[in-house]
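Asks: Sequence:
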Amino acid sequence: MPHIAVSLYPGRDSDTKQEIANKLKDFMVSELNFPAEAISVSIAEIEPDSFVETIQQKYEDKDLYIPSKSVKSLT
Numbered sequence: 001m002p003h004i005a006v007s008l009y010p011g012r013d014s015d016t017k018q019e020i021a022n023k024l025k026d027f028m029v030s031e032l033n034f035p036a037e038a039i040s041v042s043i044a045e046i047e048p049d050s051f052v053e054t055i056q057q058k059y060e061d062k063d064l065y066i067p068s069k070s071v072k073s074l075t
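So for the sequence shown, the working numbering puts the first residue at 1; every next one is plus one.
Check before you lean on any hint, since a few could be wrong.
[Said to hold, decoys possible] With a straight-line Cα cutoff of 27 Å, these simulated DSS-like cross-link-like pairs (lysine-lysine) come out:
id, residue 1, residue 2
1, 25, 62
2, 25, 72
3, 62, 23
4, 17, 69
5, 58, 25
6, 69, 23
[As the list claims (entries may be wrong)] Label pairs and their calculated CB-CB ranges:
id, residue 1, residue 2, range
7, 47, 18, 17 to 23 Å
8, 29, 70, 28 to 34 Å
9, 69, 36, 20 to 26 Å
10, 37, 9, 28 to 34 Å
11, 37, 64, 24 to 30 Å
Calculated from the structure, these hints are not laboratory results. Glycine included, each C-beta is placed from N, C-alpha and C at the ideal position.
Model the full assembly from the supplied sequences, consistent with the hints where possible.
Replies: See below:
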């Protein structure tokens, strides 16, 4: 508890993805007081031609707190 899942286009190297994961974990520790050892982070690369469809199939509208110009609420 908690798990942070990030989905993005391919193209970032392993070091960059590790940096993203570390910063997300650090935020959860510093701002929400979670213990560092309780946090897991995953980063999944999704090809641009299937990105929107994949995200909209994976998450319900109620879970989309900030829509983007591409990934929008269906309601």
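Asks: All hints, please: hold or fail.
Replies: These are the hints, each one checked on the structure:
no.: 1; hint: 25 <-> 62; verdict: 23 Å, holds
no.: 2; hint: 25 <-> 72; verdict: 26 Å, holds
no.: 3; hint: 62 <-> 23; verdict: 25 Å, holds
no.: 4; hint: 17 <-> 69; verdict: 23 Å, holds
no.: 5; hint: 58 <-> 25; verdict: 22 Å, holds
no.: 6; hint: 69 <-> 23; verdict: 24 Å, holds
no.: 7; hint: 47 <-> 18: 17 to 23 Å; verdict: 22 Å, holds
no.: 8; hint: 29 <-> 70: 28 to 34 Å; verdict: 30 Å, holds
no.: 9; hint: 69 <-> 36: 20 to 26 Å; verdict: 34 Å, violated
no.: 10; hint: 37 <-> 9: 28 to 34 Å; verdict: 30 Å, holds
no.: 11; hint: 37 <-> 64: 24 to 30 Å; verdict: 29 Å, holds
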